[in-house]
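Novice: Here's the letter readout for the chains.
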Amino acid sequence: MKTLRLAFLAPSVFLLVTLFLIPLLIVAVYSLQSRGAYGGVTLPWTFESYVRIFDPLYLKILWRSFWVASVSTAICLLLGFPLALFISRAGKHRGIYLQLVMLPFWTSFLIRTYAWMFLLRDTGLINTALIATGIISEPLPLLYNDFAVILGLVYGFLPFMVLPLYTNLEKLDPALLEAAADLGAKPLTALAKVTVPLCRPGIAAGSILVFIPCLGAYLTPDLMGGGKSIMIGTLVQNQFTTARDWPFGAALSLSLMALTLGLLYFVSKRSGGEDLL
Amino acid sequence: MRLLSLYAVLAYAFLHLPLLVLSVFSFNQSRFTQWEGFSTRWYAQAFADPALREATLNSLLIGGAATVLATVIGTLCAYALWKRKSPPISSTLYLSLMTPEIVTGVALLAFYQWLFHFLNLQLGMMTVIFAHVSFCLAYVVIVVIARLRTMDGTLEEAALDLGANEFEAFYLVTLPQLAPAIVSAALLAFTISFDDFVITSMVAGVDSETLPMVMYATARRGVSPILNAVSTIIVVGLGVLILASERLQTKS
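Residue numbers (this note's numbering), protein chains in the order written: chain A, 54 to 330; chain B, 163 to 414.
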């Protein structure tokens with residue numbers, strides 16, 4: 054029994070250690086070293102990269118990332134809650150409705166982002182249609198700004214919000230709502246006073262599952278944001294490519310990782326650990 | 163309730179219309195966003211493009227290799243974790259799932275560059291394949307373990323009582339029952355591998371440009387009708403794989 058178990062676990066442990074944990078450890082080491090002349094890292098050891106994160110220039114980018122991720126999360130919650138509620142009340146078709154939410158999620162993130170570029174750009178479908186019908190004469194600046202980034206993120210991560218909300222709503226006892234109605238609560242009152250408070254774990258889980266990927270997003274701000282809409286993901290990527298400042302990129306990555314861990318810990322405490330694994 | 167249904171129609175339109183519209187316009191005669199009649203010329207051009215063809219071949223090779231490795235390794239891992247839990251391994255898998263892609267990408271790049279100090283290698287197909295195996299692994303484990311949890315453990319006990327050893331019980335009794343879940347996990351892993359851009363772009367070399375990398379480069383320059391056609395093919399192709407995967411999951 055023991056040897057079989059070891060043999061079965063060995064390849065995945067080896068994989069996780071060499072291709073996940075050791076790379077993270079290397080990033081941690083690099084974040085404490087100095088920048089090499091031609092990229093890479095060199096001695097001496099220093100905390101300088103972490104101090105630089107607090108440079109106003111970078112704080113501004115971090116602040117913008119937080120702001121964009123928070124707004125996207127809030128919008129996902131507002132859009133996702135009614136949708137999850139609809140699915141949970143859809144009777145025997147629930148499975149299909151849920152699949153319809155998840156299906157676009159499994160199709161390439163790149164293509165979904167590109168689809169919005171196709172719709173939003175100056176000569177895109179929306180502007181072309183509006184100009185053709187004479188509603189506007191100049192194209193609206195829909196792409197390459199924060200609005201576009203938030204739209205792209207909401208579109209990309211809405212399923213992450215709907216899924217935990219739905220799981221939560223599905224478990225609620227319908228008798229609670231009947232009781233509220235018997236006691237004279239109107240449907241909206243019952244929703245606000247019974248359903249929403251009982252959905253707190255789902256709301257917390259969904260919000261964090263959306264917030265984390267939004268905060269670290271790279272593709273959406275890169276393709277849909279303008280030159281001014283830089284977020285943490287782009288900053289990290291820049292340090293490892295064009296800027297060739299690996300220690301700073303490593304320090305940023307590790308900070309992002311620490312934040313992710315903290316948020317995950319928080320949600321696993323709150324939701325009582327809906328364990329997938 | 164009627165208001166809620168109306169809202170749901172709008173929400174589903176929001177989720178599905180962008181891809182639908184893109185697909186419709188991939189059949190547009192004109193290269194601009196004005197409809198000028200049905201045409202398959204962009205598909206013909208996409209198939210004739212040598213760069214797209216090579217990138218597609220790379221993506222299929224990488225996806226195929228990464229899928230086989232991740233599925234075998236992940237299935238064994240799921241089985242072992244089902245027999246007895248291991249919080250450190252589960253947490254690490256979960257963490258690998260939630261790590262921002264760009265962080266995984268730069269960490270793998272840093273790791274490979276460090277490794278190349280000792281080994282005479284360079285970024286290429288192998289580095290991409292191993293990166294893909296590492297991020298597909300958690301998905302495989304989740305799908306397979308979900309199926310294992312619904313299975314009857316007493317069948318294995320019966321096999322053991324009848325004289326099978328541990329491995330035979332796994333191989334002859336549990337594995338056949340797991341087959342649909344394993345195929346489902348493999349389809350999912352392939353989809354994720356085929357789609358990945360962020361991590362791949364960090365660890366790819368000159369010989370391993372994948373389809374999403376070529377598509378990204380084109381999208382950065384703006385919208386192209388050929389890209390609309392390629393996107394449509396991928397969305398339909400991977401959509402079929404995902405539906406098949408989900409079908410197998412619910413059936414089992």
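No wet-lab data here; the hints were simulated from the structure. Using N, Cα and C, we set each Cβ at its ideal position, and we do this for glycine too. Heads up, some of the hints might be wrong.
Stated by the list, open to error - Only part of the chain B face toward chain A is listed, based on derived beta-carbon distances under 10 angstroms: (1) C239; (2) W276; (3) D323.
Novice: Does each hint fit the structure? Answer for all of them.
Specialist: Checked hints:
{"no.": "1", "hint": "C239", "in the structure": "holds, 4 angstroms"}
{"no.": "2", "hint": "W276", "in the structure": "holds, 6 angstroms"}
{"no.": "3", "hint": "D323", "in the structure": "violated, 15 angstroms"}
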